[in-house]
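Start from the sequences, fold in the hints, and give me the full structure.
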Amino acid sequence: MSDPGAVGGSVTYQRLVHKNSSGFHYMKVSLVFEKEGKRIDGAFFKQLIISALRNVYGEIGAAFPFDVLKFEEKSLTAVLRVYNSGLVKLWSALTLLGSYQNETCAVRVVQVLLPYQYTGGP
Amino acid sequence: MAAFADLCISGTNDKKRLQSIIETAAHLGYSTVAINHLVEVQPKKQEIGKPKCVSELFDHFPIVQGRSRPIRVLNRLTLVVSDTSHFRQTADFKFYDIIAIYPKTEKVFHAACMSCDVDIICIAATEKQPFHFKRPPVFGAIERGVFFEISYAAAIKDSTMRRYTISNAISLMETCKGKNVIVSSGAEKPLELRGPYDIANLGLLFGLSEGDAKAAVSANCRAALLHGETRKTALGIIRTVKKSQPADEREDKEAPPSKKAKLDAM
Amino acid sequence: MAAHVTDQQLRQIRSILLEGWACTGCDVRGPGFSEDCDWFSIRCGNELRKRILLKSLSPQISAVKNNVKKKRTVICPFSSQTSAMFSELQKCPRNVLVCERSSFMNEKSRHDKHVSQHYFNYKVSVFIPHCGVPPSSLSDAMRRFTRFYLVREVPVFELLGEECLEKTVRTGRFYALSYKTRIDQDDVVALLPTGQLILSVVKDTYEQLGLEGRPSQYAHKRPMRYVVVIDLTDKSMAPGSKRYDRVLWALREKVPLKTDFLMACHSVVGTEAWSLPPCLSRYPWKELQASVDTQTLRDLPCPVLHGDDLRGETACEPHAFLEWLGAVGLGIGCENEATSFLSTYECPEPRTLVDQAVLCTVTGLLLPEDIHSLLEELRRYFDQPKSSSWLSLVVHGFADSPISWGMAEHGFHKGGENFYSFVLFKNQDYWLHMGTGANDGCPP
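First to last, the protein sequences are chains G, E and C. Going left to right, the first sequence walks through residues 1 to 122 as the UniProt record's numbering numbers them. Going left to right, the second sequence walks through residues 1 to 266 as the UniProt record's numbering numbers them. Going left to right, the third sequence walks through residues 1 to 444 as the UniProt record's numbering numbers them.
Think of the hints as simulated: they come from the structure by calculation, not from any bench. Be careful, since some hints might not be right.
Straight-line Cα separation of at most 25 Å, BS3-like style, residue types lysine-lysine; simulated pairs [said to hold, decoys possible]: (1) G:K19 <-> C:K258; (2) E:K177 <-> C:K221; (3) C:K113 <-> C:K426; (4) C:K242 <-> C:K254; (5) E:K157 <-> E:K104; (6) C:K180 <-> C:K203; (7) E:K134 <-> E:K189; (8) G:K19 <-> G:K46; (9) E:K157 <-> G:K46; (10) G:K70 <-> G:K28; (11) C:K180 <-> G:K28; (12) G:K38 <-> E:K189; (13) E:K104 <-> G:K35; (14) G:K46 <-> C:K91; (15) E:K50 <-> G:K35; (16) G:K38 <-> E:K52; (17) G:K38 <-> E:K16; (18) G:K35 <-> E:K189; (19) C:K258 <-> C:K286; (20) E:K134 <-> E:K94; (21) E:K157 <-> G:K28; (22) C:K221 <-> E:K179; (23) C:K91 <-> E:K179; (24) G:K28 <-> C:K91; (25) E:K157 <-> E:K16; (26) E:K50 <-> G:K28.
This is the structure we're talking about:
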C-alpha cells in the first residue's frame, strides 16, 4: 500500500506513504520461573513457545513462523520477531502460558514494537 | 483511557504472598488492585465480617511502574449465590469498596442483573456457564451500570478451564456486544498475573474489539469503582467528605447522583 | 443405512474437532427425532469450518465417520460477530511510515522543519559504516547536547508565573515535558518552545479544571481524555488579563496539578548558558547531561543502498533497512540461514561485509536544535573522502509525549512509536523516514 505523494518543486523530491506495510513486529519478553536459578538455552526456549502455541491454537493454528532473534541465558530475556498476522496469536499464547514440563512459569512481555523501535522510557 | 486496574486478586491470610502479588501488580503497571473476599452465601444468616485494613499491608505501597504514584489497594466482596432468597444486603457491605456476585443459577443471574445492588457480576471460569445469557437481563445490567467480569487466572492454570473461560466469554459477548465487560486476574500467585497490555491483547480471544479490550482493564474498571462509590454514599444523595475546601466550591462538582452513575458507565 | 449417532459418539466427534482449539464456539447436534436419520450438524464460525474440513482428513475422524456411517456434515455459519473476532486475530495495530527523498542542497528541502518540529526526543543513534572511531568533531557535537533538568513535584501553575515566564518562554526556546506520566493513563503536561502549554488530562481532571479543551482524538466510545492548549505568548494570556487569571486560578485552586518535569532551554546564541530560574529551583532538582555510548562493530554484514532508489526496487527496501538498523542497535546477529531453528533473520540483500562500523547513541531530553547541529556535522563527514557511501541518524521521540510532530496529537495504544531517520549520502542527497504507531497522525 504505497501512494506516490505529491512531487515537490525539484525533480529529486519523492515522497512515499506506507500504511501497515511493516511486515513484522518485535516482542521483547522475559521468562520467569517460580523456582529461581533455572538455566535454559535458546533452543529450549523456542520449543517452549512452540508448545505454548500448540496448546492454545492446535497444530494448524500454531503453524506460523517466528524467530528468536536473541536470547540471553542469564536473564532469560529474548527478542522475538513475528509476522503481523501472527502477533495476536503469539502474544496471547505467551499470555496463557502458565507452566512448562510441570514447572510454573510466566512470560513477561516487556515491549511490543515495530522492528526499528527499540526505545523505552529513560 | 484511564489507569489500569485489576479488580480481583485472591484474598489470603498469607500476608507475604498478598504483598508479593501486589508488588508484582505494581511492577506490571496496575494502578489499582482489589483484594477479593469470597463468601459462599448460606441459607442461614451469617456474618460476612470486616476485611483487614489494607494500610496494614505495607508501610510504603509499591510505586506503579512508569508512573510516580503508589498502587491503590481496595477490598472487594464476592458473594457466591445459588438461590435468590439467599442474597441479602447487609451492613457489612459498607466495609468493601466493590461488591460482586457470582450467580450459580439463571434465576440469580437475572436478579443480579436487574435488581441486586452490586457492581460486578462474575462469569464462570472453572465450569461451563450453566445457563444462557439472555438479552433482557444482560441489557438490564448494562443499563444499570453493572459490569460483567471475566477472570483469566484459571485459563492460565489449566487447558480445560481455558476452554471454559474462553467459551463462556464468547457467549457473553454474543449478547452484550463487548459492553460493560471487565477482565481481571483472580490470581492466587504472582506468576498468575499478566500485564495490562497482555490482557488487552488477550481480550481479542474473548471476542472483544481492540478498544473494548483495553477499556476492560482500564476505563470500565474505573466506572465499576465509581459505581461502588455511589453505592457507599447511600444512593449517592448524601456524601460525607472530609472538609478541606470551602463548601461552596464543591457544589458544582457534584452531578445529580442518578445522572452521575449512568455517565460514568461505559 | 439407519445407523444412529449416539451421544457418546457425538462427544467424541466434538472433542476431535476441537482438539487444540480453545474456542469452543461450536455445537454438535444429534439427528433429532427421526431414528433413521444418519447425519449430525455442526454449528460453528467460519474459521472453525476450515479447521473442521482439515480435521476431517485425520484418521481418527474417518474412524468415527465409518462408525456412524456419516453421509454429510451440515455446516452453517455462526453469527457475524464471532467470525469477525477470528479475523481480529490476524490483525495488528496500525502503523504508518513516510519515506522522503531529497537533497540538502535543494532549496525546498524540509529536513530542518521536520527536525525542529519533533519537539521531544529521547534517543539519537548514529551509524557509520567503514569507520572505526567517530571523528572528533562528531563526538564533540554529541557531547555538546544541552544540559537538561529533572525537577520534582512542580505545581503546573508555577510555569505561568510572570517571573518564570520571563526566564523561560521569553528567554529562549524552552522545552518542558512531564516525567513518569503515561499518555494513556495520567495527566500529561508539555510546554513547547512556541509558548504553547499542552495539558492532556484525564476526564476527571478536565471536568474539575473548567478550562476549554477538546476531547482526545484517540477516544474509545466515550472520551476519557481531553486536550487543553494554552498559548502563553497570546495577548489574551498576558499576566493580569482575565483569561490569565482564570487559568492560574484553575491550576492553583481547582486542580493543583503537580508533576515531575524534564526541562531544558536552548538559549539564543551569544547569551550565557541557561540555568534553572529561582521559581523552579525551589523544588528538588537535578541537572543531567545526555549520556553518550559509542561502540565499534566488526565484520558486520551491511545492506547496499542506492540513493536514487527510495522504493528499494533494486536494493534494500525501506522497512527491511530500518529493521536491519534496529537489529544492529539491539545486537542481533544476522548470520542465519532459512533452515536455522532459532532465527531465520538475515541481513537484506544485496549486502557487503563491512570490516568495522561505529554506532553511537545519545539518550536524554534531546533538543531539536542540538539534533539539527548534529545533522549539519554529519553532512560535513563526507567533506573528506570516505570509503562509506552513506551513514544514518535515527531519532526516537518520547513514547508518552502528548504530541509527535508540531501539534499533531500523539497517543499510546500498545506502543508509542514516533521516530524519524535520516540516511545521508555522499552527494548530499538524503532519505528521510518518519514513522508513527496506532494512535498518531500521519507524519508531516
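Status of the hints after comparison with the structure:
no.	hint	verdict
1	G:K19 <-> C:K258	38 Å, violated
2	E:K177 <-> C:K221	13 Å, holds
3	C:K113 <-> C:K426	22 Å, holds
4	C:K242 <-> C:K254	16 Å, holds
5	E:K157 <-> E:K104	22 Å, holds
6	C:K180 <-> C:K203	19 Å, holds
7	E:K134 <-> E:K189	34 Å, violated
8	G:K19 <-> G:K46	31 Å, violated
9	E:K157 <-> G:K46	21 Å, holds
10	G:K70 <-> G:K28	9 Å, holds
11	C:K180 <-> G:K28	21 Å, holds
12	G:K38 <-> E:K189	19 Å, holds
13	E:K104 <-> G:K35	37 Å, violated
14	G:K46 <-> C:K91	23 Å, holds
15	E:K50 <-> G:K35	35 Å, violated
16	G:K38 <-> E:K52	36 Å, violated
17	G:K38 <-> E:K16	23 Å, holds
18	G:K35 <-> E:K189	13 Å, holds
19	C:K258 <-> C:K286	17 Å, holds
20	E:K134 <-> E:K94	31 Å, violated
21	E:K157 <-> G:K28	23 Å, holds
22	C:K221 <-> E:K179	10 Å, holds
23	C:K91 <-> E:K179	21 Å, holds
24	G:K28 <-> C:K91	19 Å, holds
25	E:K157 <-> E:K16	22 Å, holds
26	E:K50 <-> G:K28	43 Å, violated
Of the numbered hints stated above, those contradicted by the structure are hints 1, 7, 8, 13, 15, 16, 20 and 26, listed in ascending order.
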